[in-house]
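Visitor: Chain V: place on chain H using the hints.
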Amino acid sequence: MSLNRLGILLRKELWQGPKSFIFIWGIAGPIAISLVISLVFGTLFSQEPRLGIADQGGSELVALTRSVDSIATREYATVAQLKQATENGAVDMGIVLPEGFDDAVSAGEPTEITAYVWGESLAKNRMVLAITISDLTRELSGQQTPIDIESVTLGDETNIPWTDRLLPLIVLMAVFFAGMTLPATSIITERQQGTLQALVVTPTTLEDVILSKALVGVGLSLCMGVLILVINQAFGAQPLLLVLVLALGSIMAAEVGVLLGTIFKDVTTMFAAVKSLGILLFAPVLIYLFPQIPQWVGQLFPTYYIVQPIVDISQQGAGWADIATNVSILAALDVVLAGVLVYLVARLKQR
Amino acid sequence: MNPGIIRALAAKDIALFFRNRFFALITILGIVLYIVIYFVMPSAVDESLEIGLHAPVLPPVFEQLSGEGLVFEQIESVEALADAVADGDYAAGVALPDDIMEKFEAGQKPLVTLYFRGDVAEEVQDAVEVLIRELSYLQTGQSLAVETTTEVLGTDMLGEQIPLRDRMRPLFAVFIVLFEMMGLASLITEEVEHGTIRALLLTPTTVQDLFAAKGLVGVSMAFGQALLVVAIVGGLETQPLIVVTTLLLGAVFVTGLAFLIASLARDMMSAMGWGTVTMIILVVPAFSVMFPGATSTWAKFIPSYYMVETVYQASCFGVGWADLWQNLAILLGLGFAAMCAGIIVLRRKFQ
Numbered sequence: 001m002s003l004n005r006l007g008i009l010l011r012k013e014l015w016q017g018p019k020s021f022i023f024i025w026g027i028a029g030p031i032a033i034s035l036v037i038s039l040v041f042g043t044l045f046s047q048e049p050r051l052g053i054a055d056q057g058g059s060e061l062v063a064l065t066r067s068v069d070s071i072a073t074r075e076y077a078t079v080a081q082l083k084q085a086t087e088n089g090a091v092d093m094g095i096v097l098p099e100g101f102d103d104a105v106s107a108g109e110p111t112e113i114t115a116y117v118w119g120e121s122l123a124k125n126r127m128v129l130a131i132t133i134s135d136l137t138r139e140l141s142g143q144q145t146p147i148d149i150e151s152v153t154l155g156d157e158t159n160i161p162w163t164d165r166l167l168p169l170i171v172l173m174a175v176f177f178a179g180m181t182l183p184a185t186s187i188i189t190e191r192q193q194g195t196l197q198a199l200v201v202t203p204t205t206l207e208d209v210i211l212s213k214a215l216v217g218v219g220l221s222l223c224m225g226v227l228i229l230v231i232n233q234a235f236g237a238q239p240l241l242l243v244l245v246l247a248l249g250s251i252m253a254a255e256v257g258v259l260l261g262t263i264f265k266d267v268t269t270m271f272a273a274v275k276s277l278g279i280l281l282f283a284p285v286l287i288y289l290f291p292q293i294p295q296w297v298g299q300l301f302p303t304y305y306i307v308q309p310i311v312d313i314s315q316q317g318a319g320w321a322d323i324a325t326n327v328s329i330l331a332a333l334d335v336v337l338a339g340v341l342v343y344l345v346a347r348l349k350q351r
Numbered sequence: 001m002n003p004g005i006i007r008a009l010a011a012k013d014i015a016l017f018f019r020n021r022f023f024a025l026i027t028i029l030g031i032v033l034y035i036v037i038y039f040v041m042p043s044a045v046d047e048s049l050e051i052g053l054h055a056p057v058l059p060p061v062f063e064q065l066s067g068e069g070l071v072f073e074q075i076e077s078v079e080a081l082a083d084a085v086a087d088g089d090y091a092a093g094v095a096l097p098d099d100i101m102e103k104f105e106a107g108q109k110p111l112v113t114l115y116f117r118g119d120v121a122e123e124v125q126d127a128v129e130v131l132i133r134e135l136s137y138l139q140t141g142q143s144l145a146v147e148t149t150t151e152v153l154g155t156d157m158l159g160e161q162i163p164l165r166d167r168m169r170p171l172f173a174v175f176i177v178l179f180e181m182m183g184l185a186s187l188i189t190e191e192v193e194h195g196t197i198r199a200l201l202l203t204p205t206t207v208q209d210l211f212a213a214k215g216l217v218g219v220s221m222a223f224g225q226a227l228l229v230v231a232i233v234g235g236l237e238t239q240p241l242i243v244v245t246t247l248l249l250g251a252v253f254v255t256g257l258a259f260l261i262a263s264l265a266r267d268m269m270s271a272m273g274w275g276t277v278t279m280i281i282l283v284v285p286a287f288s289v290m291f292p293g294a295t296s297t298w299a300k301f302i303p304s305y306y307m308v309e310t311v312y313q314a315s316c317f318g319v320g321w322a323d324l325w326q327n328l329a330i331l332l333g334l335g336f337a338a339m340c341a342g343i344i345v346l347r348r349k350f351q
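Protein sequence lines, in the order shown, are assigned to chains H and V. According to our numbering, the residues represented by the first sequence are 1 to 351, in order. According to our numbering, the residues represented by the second sequence are 1 to 351, in order.
For reference, chain H alone in the conformation it holds in the complex:
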């Protein structure tokens, strides 16, 4: 293996790569998916009832509603905008606070709130919003709560928001989408077009070519993994440890990509296989999504050893001592895959 030739091949891959659909999609895909998931699960799947307010007199009730965690509040400049938003379902209920509302409430004088209710709003959302407005208005009027409340939490389970639960899925997609498909499609295309054969009759070896493709896959995969964690503000307190795990995960992704590239003869068959066998790669994140499934099942799949340390570091604040075992297994899996690849490349060479 020549480092000089490897460098030339790497430059060629980096120059040609960005022109391919897979390269562009490897970057755009995970970002788009991450944004869609944040939108859908971060906001839309939230259980919070949504309250819209058109405040005509600078009421303090607006600030009070913002301080309540059980509802989501949006402000609208005009009543027409508020009505439109309620009609579209952007909010469950829209209220119009008249001028002098706070003064009237404080003085115990009669006043009026106009409430627009979205026809498709759930009964419990309407009820929660109505009592919250009432409760906050009482606070505004200075009424004293007639009870003391003590909350007791039962069981060891903790509520993991959907955005956190989906983080491993997004990271794994980012790492594998680019890291796996780029080397795989590149090798298959070069085999189909005959350029791989043409290259290996020069002093360049098959190992040089495949290593350069794998390195581009590792680089892109690592960059995308880091980018997705940055976008999701999930870098935690141990960024270097996270980069280490992502690097080992990227190596695994590129190795799987080279494996597919050497096994399959055309891109269509490769994609069909990925479609049906992709469940093996994504099984640990699916298991993590559903706590009802025994979590030990995830350990049977190789990608668990990428996902779990990432979750431990970014969401639980784990350090090296907590993730050392899983990271060691991940490194060992990378070495085993590398061994398999050496054998497969040798066979490909013979053919």
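Derived from the structure by calculation, the hints contain no laboratory data. Since we're looking at a predicted model, the values are computed, not measured. Don't take every hint at face value.
[Unchecked claim] Here are the simulated DSSO-like pairs of lysine-lysine, each with C-alpha atoms no more than 30 Å apart in a straight line: (1) H/Lys265 to H/Lys349; (2) H/Lys349 to H/Lys12; (3) V/Lys349 to H/Lys265; (4) V/Lys12 to H/Lys265; (5) V/Lys300 to V/Lys12; (6) H/Lys12 to H/Lys265; (7) V/Lys300 to H/Lys83.
Guide: Quick look at chain V alone, frame taken from chain H:
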């Protein structure tokens, strides 16, 4: 145009389509998956907040307020209440003290204990606390001089909410026809790449025969599958003729788009690239139906909006021709325009 040639070409295209393992596999898997997803999802909407209540003495307001959106179920003992909450039978448990009424009368603050499972969302805990506080205000006769005028915007669906799975029908229909668009585009691209189209045009086959055959295959594949899935998931129970017409017009539209994509694509990978980008854009309106308020009026500028909205209105609300003819007319116009544009640009590519 020669009907014999068109028939032979259509039969060849269908055989080729299913020979492409990638598209054949995702087509069948997709149909099965949509149907499975539909039947796995809940068939009803749970509109109420169910709360377990242990109250040796039941304050009258707790009885009065139990109704729409709020269900209190009496539990014999505090232990049974805690067990029921821990088992997830209720969103929360409320234990009122024996002497609650005496304390209210004496102007003292009774201690109310709330039980939550550890994995219950924070907003639910806050909502229950607000609810209990509000009930205590009412019980102690603390009134508010605020009058609320309520207006429901749109059809009031209280008690008749549409389950998410039924809202997903248009999404299924759009996904299916869009996958067919990718299938047809890649089929044409493959033929252009392999030179079979040029070879065909050297025979008595005319360009018109070719387009008629491709159009026929595209429309019937997209329409047939969408119709099958929509029928199985109950989308034809109300206004079946409107739903069928919409699916047919949608199939014509995506066939025209498939021609356009095939004319832009240089190879299979770029056909998939353009197809994916088109698919992402066209799928957006389906989200506006699933998650009302997520998109605003700009979604109307995406052509698939008219397909999604029509299927949704007809199958979920039974809206008729008088209200939906404009959508269908726009869809017809879009289909005609896409087909004409697709044929013109693809014809130039062939020649």
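Visitor: Is H/Lys12 close enough to H/Lys265, meaning Cα to Cα at most 30 Å?
Guide: Holds - the C-alpha atoms of H/Lys265 and H/Lys12 are around 23 Å apart, at most 30 Å.
Visitor: Take a quick look at whether H/Lys349 and H/Lys12 sit within 30 Å of each other, Cα to Cα.
Guide: Distance of about 22 Å is within 30 Å: holds.
Visitor: Given the hint that V/Lys349 pairs with H/Lys265, does the C-alpha gap stay at or below 30 Å?
Guide: Satisfied, since the Cα-Cα distance of roughly 29 Å is no more than 30 Å.
Visitor: Given the hinted pair V/Lys12 and H/Lys265, is their Cα-Cα distance within 30 Å?
Guide: Status holds; Cα separation ~24 Å.
Visitor: Given the hinted pair H/Lys265 and H/Lys349, is their alpha-carbon gap at most 30 Å?
Guide: holds, 15 Å
Visitor: Holds or violated: are the alpha carbons of V/Lys300 and H/Lys83 at most 30 Å from each other?
Guide: OK: V/Lys300 and H/Lys83 at ~19 Å, within 30 Å.
Visitor: Keeping to a limit of 30 Å between CA atoms, is the pair of V/Lys300 and V/Lys12 held or broken?
Guide: violated, 38 Å
Checked against the numbered hints given earlier, the structure breaks only hint 5 and satisfies all the rest.
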